[in-house]
Amino acid sequence: MPNLWILIIIGVVAVMGFVGARQRALSSGQGDIRNLHSLPSFYGTNAMLAGLIPSLVVLALWTAFQPLVIQSSVTHIIEADQELSDGQLSLAMTDVRRIATGLELAIETGRLDLNQVMDMRADVTDVRPLLGEMGVAVGSDVTPRDLDAAQRFVAMAQTGNLLKTVLVIALSVLGTAFAFVRTSAVFRARNAVERVTMALLIAAASIAILTTVGIVLSMIVNTVEFFRLYPATDFFFGTRWNGTSQLGVLPLLWGTLYISVIALIVAVPIGLFAAIYLSEYASPAVRSFAKPALEVLAGIPTIVYGLFALLTVGPFLLRVFGSGGTFGVDWMSGATAVITAGVVMGIMLIPFVSSLSDDIINAVPQAMRDGSLGLGATPSETIKQVVMPAALPGIVGAILLAASRAIGETMIVVLGAGAAARLSMNPFEAMTTVTTRIVSQLTGDADFTSAQALVAFALGMTLFVITLALNVFALYIVRKYREQYD
Amino acid sequence: MTDATASHTPQPGQGGETAKSSLFTVSPRTRRRNASERRFKAYGVTAILLGLLFLCFLVYSILSKGLPAFTRTVAEVELTLTQAQIDEAESTLLKTGAYRDLMIAELGKVLGDVEPDAIQRIVGNPGAMLRNFYTANPDAIGDTVAFELPTASRVDGYFKGRITREGQANSTFLTPADLDLADRMQEEGIIKREFNWQFLTGAEASDDNPVAAGIGVSVVGSLYMMFVVLALSLPIGVAASIYLEEFAPKNRFTDLIEVNISNLAAVPSIVFGILGLAFFIQFAGLPRSAPLVGGLVLTLMTLPTIIISTRASLRAVPPSIRDAALGVGASKMQSVFHHVLPLALPGILTGTIIGLAQALGETAPLLLIGMVGFVALRYPDTIASGFLDSNSAMPAQIYTWAARADQIFYEKAWGGIIVLLVFLLTMNIIAVILRRRFERRW
Numbered sequence: 001m002p003n004l005w006i007l008i009i010i011g012v013v014a015v016m017g018f019v020g021a022r023q024r025a026l027s028s029g030q031g032d033i034r035n036l037h038s039l040p041s042f043y044g045t046n047a048m049l050a051g052l053i054p055s056l057v058v059l060a061l062w063t064a065f066q067p068l069v070i071q072s073s074v075t076h077i078i079e080a081d082q083e084l085s086d087g088q089l090s091l092a093m094t095d096v097r098r099i100a101t102g103l104e105l106a107i108e109t110g111r112l113d114l115n116q117v118m119d120m121r122a123d124v125t126d127v128r129p130l131l132g133e134m135g136v137a138v139g140s141d142v143t144p145r146d147l148d149a150a151q152r153f154v155a156m157a158q159t160g161n162l163l164k165t166v167l168v169i170a171l172s173v174l175g176t177a178f179a180f181v182r183t184s185a186v187f188r189a190r191n192a193v194e195r196v197t198m199a200l201l202i203a204a205a206s207i208a209i210l211t212t213v214g215i216v217l218s219m220i221v222n223t224v225e226f227f228r229l230y231p232a233t234d235f236f237f238g239t240r241w242n243g244t245s246q247l248g249v250l251p252l253l254w255g256t257l258y259i260s261v262i263a264l265i266v267a268v269p270i271g272l273f274a275a276i277y278l279s280e281y282a283s284p285a286v287r288s289f290a291k292p293a294l295e296v297l298a299g300i301p302t303i304v305y306g307l308f309a310l311l312t313v314g315p316f317l318l319r320v321f322g323s324g325g326t327f328g329v330d331w332m333s334g335a336t337a338v339i340t341a342g343v344v345m346g347i348m349l350i351p352f353v354s355s356l357s358d359d360i361i362n363a364v365p366q367a368m369r370d371g372s373l374g375l376g377a378t379p380s381e382t383i384k385q386v387v388m389p390a391a392l393p394g395i396v397g398a399i400l401l402a403a404s405r406a407i408g409e410t411m412i413v414v415l416g417a418g419a420a421a422r423l424s425m426n427p428f429e430a431m432t433t434v435t436t437r438i439v440s441q442l443t444g445d446a447d448f449t450s451a452q453a454l455v456a457f458a459l460g461m462t463l464f465v466i467t468l469a470l471n472v473f474a475l476y477i478v479r480k481y482r483e484q485y486d
Numbered sequence: 001m002t003d004a005t006a007s008h009t010p011q012p013g014q015g016g017e018t019a020k021s022s023l024f025t026v027s028p029r030t031r032r033r034n035a036s037e038r039r040f041k042a043y044g045v046t047a048i049l050l051g052l053l054f055l056c057f058l059v060y061s062i063l064s065k066g067l068p069a070f071t072r073t074v075a076e077v078e079l080t081l082t083q084a085q086i087d088e089a090e091s092t093l094l095k096t097g098a099y100r101d102l103m104i105a106e107l108g109k110v111l112g113d114v115e116p117d118a119i120q121r122i123v124g125n126p127g128a129m130l131r132n133f134y135t136a137n138p139d140a141i142g143d144t145v146a147f148e149l150p151t152a153s154r155v156d157g158y159f160k161g162r163i164t165r166e167g168q169a170n171s172t173f174l175t176p177a178d179l180d181l182a183d184r185m186q187e188e189g190i191i192k193r194e195f196n197w198q199f200l201t202g203a204e205a206s207d208d209n210p211v212a213a214g215i216g217v218s219v220v221g222s223l224y225m226m227f228v229v230l231a232l233s234l235p236i237g238v239a240a241s242i243y244l245e246e247f248a249p250k251n252r253f254t255d256l257i258e259v260n261i262s263n264l265a266a267v268p269s270i271v272f273g274i275l276g277l278a279f280f281i282q283f284a285g286l287p288r289s290a291p292l293v294g295g296l297v298l299t300l301m302t303l304p305t306i307i308i309s310t311r312a313s314l315r316a317v318p319p320s321i322r323d324a325a326l327g328v329g330a331s332k333m334q335s336v337f338h339h340v341l342p343l344a345l346p347g348i349l350t351g352t353i354i355g356l357a358q359a360l361g362e363t364a365p366l367l368l369i370g371m372v373g374f375v376a377l378r379y380p381d382t383i384a385s386g387f388l389d390s391n392s393a394m395p396a397q398i399y400t401w402a403a404r405a406d407q408i409f410y411e412k413a414w415g416g417i418i419v420l421l422v423f424l425l426t427m428n429i430i431a432v433i434l435r436r437r438f439e440r441r442w
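These protein sequence lines are chains A and B, in that order.
Read left to right, the first sequence gives residues 1 to 486 (full-length UniProt numbering).
Read left to right, the second sequence gives residues 1 to 442 (full-length UniProt numbering).
Calculated directly from the structure, the hints in this document are not laboratory data.
Keep in mind the model is a prediction, meaning the values are calculated, not measured.
Treat the hints with care, as some may be off.
To be verified - Here are some chain B residues pointing at chain A (derived, C-beta under 10 Å):
hint, residue
1, Ser36
2, Lys65
3, Ala248
Even glycine gets a Cβ: it sits at the ideal position worked out from N, Cα and C.
The whole structure should be built from the sequences, with the hints applied where relevant.
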């Protein structure tokens, strides 16, 4: 039975449980809710939750783990007669899964029944045309071993689904019935419901931890696998990268840092001065117009900036600095370059720097400004000598956060920075970054067991560690050097 | 203090000037300070103007390059095919080629003395479209049918100004003589420009037929993902924020959650893509390119945003509301769910919409889970199958177009950006309206 039907059934059971338990509670209190410990709806909710939660949890877990269990037991069949390498095994498994899909479709559409499928023999019937009929194309003729495995696959899936259906529905009925029987005027339904609700709230809050654990685990496992295939020292200290045999991270880090530095050179002065002007000089009218207008820049998706870099800024810079350009200098040979990506990323970061600095500057108490102005300092002297020193830790923190953004930014560099990994000082050359290489190593039909694909996880780990360190450092600076005025 | 005292002591040599100074004559030092003040202010104005200039430049280049994607150049031809002609075309080896030749012959009759190859260079390859039409509508055989054929991408580019006559001087794909013919066809009213519905409703197309490419299917893919994100991140985010803001005791565990949430908010989006690839696809065995997987990844990415904004709006509800509810006998849980949560709802919704808008524009994680390349090829058959069918999303589709070679795909990419920005703008406007209309100041 498909999951949708199971869901509908347990939903109906839950609703019946709600109505039933509510009625039972009311009648056990002689129809007067003052005789009940909790409001009637709590009794209903209690019965509903008692049926829903265990059955939904089992349903979700079963659906998630059944394929894994089946897969591992079918793998044994394939491996029984011969040792296979990982690559061969995964190919064979793909075939088996396709055949099994075809067989399942044949059962579903009523073309064959389960027994017929189980009795099928590869040396007697030709399975391929049948699969073709079901819309499943198989590359070569089906071997007895594959068919055997596929039949096992289908059989296990069928049994598993049946067991799942029975178990889930039984749990939902039993749970509801249990809560229904317990329902009486003295039962503390509200406390029970609130305990469950609290557990759900805590579970939701823990998802943040689970996500972090998931990120770290998924990267560590694959990174360790990568270092088994490729020496870690060559990865961390290698100065060459070609994506296949030479996987040194230094050129990528260099490109990443170079682009980020250019981005910060663009973003920090503009963002900072914009923030100073908006918070110290601008009239309310100017502020109410300019601040949201600058923040529009922050709401634009990065793919837009990427296209802007590739198709507008890149060609523009090429016309200025390329051969036969405005300045007559032949510095740039292609539209994608470090400076293209850096400038566009800088534009993207302007609102980030300006709105963070704006908040920080506004947090400096007015009394300090008044004191300085009262002593005869001009507004700019006040800003330079009083406001800025007070706001400095916060601003440094904001710049570090912007740097972490720039290092982790992907689409702008994928489209604007180019693909050549090199260690060069020339900002008009194309260079590549950590994020760009992650994308290029993992898109397409990568074989996840090769060093070429696994290196992306090591790169991701590097990126994660760098950005995390920057964020933590930013927080540390803000906390340590913050001046407490109140 | 030493500095301050020093500057007040008359210096030898400056003493004379100090004595002569008056409020009515500006001393050189004051002039210097005032100039520095003006300079400083000018820097600020320049910074703001630069920011706004970049914004205008960005908007201008999006609009000027993207709007042409919404029109297309078509050739209108009336064609009458008999059963005999159809049979003959069906019997040839290259069936669509035979249909194309029929169309070209018809156009040749209208235009007079023109070589067929030139016509083919202008109308491209309409054979498949004709054949599909006649297979679907056998009744139309023998009747006169008016066809609107999309012209070849270069002709389209010529009428939109993307391709110049000079640029085609040595081209074999479209010669200057062909451009004369195209101009003549336009004067005779055969070629005209019309609104390109196909761009809004169509699917991804191959390099052979770039004019047909449209963003419709990937819009559907994006909507599926947004549905997943909304259905998961709103309840989970709100539940997590309620726990952290209203119930959480101050201990190691809640500290750990807090640190995790603030760190996740700053993790680069591509890292979430790696998580999605390793966990949902490699480990859990979900299919690649499925909007469900994209939605799950974006949910994890959006959760911190939603949690942070939800907590802010829960915090904005004054404690007196909670106290009043507790005072009349509500439990802590009842006071939160019956009183605090409804009052915080406008703020929560605003934050959710902004989080969704962010997720809608996100590209990098989608590239890693395979929502890139030729995946947005057809609409899902049923509503349920759309979650697992291969599909792209708007930003990933734009990236795919930007990475292609043919110039016309750049125009499609800019056009796609306009569609994407219209969605984002609408969402943000809804958020602003919600905030303006329902936000309460206590």
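Now for the hints, and whether the structure bears them out:
no. : hint   : verdict
1   : Ser36  : holds, 6 Å
2   : Lys65  : holds, 7 Å
3   : Ala248 : holds, 7 Å
Consistency with the previously given hints is maintained throughout, with no hint failing.
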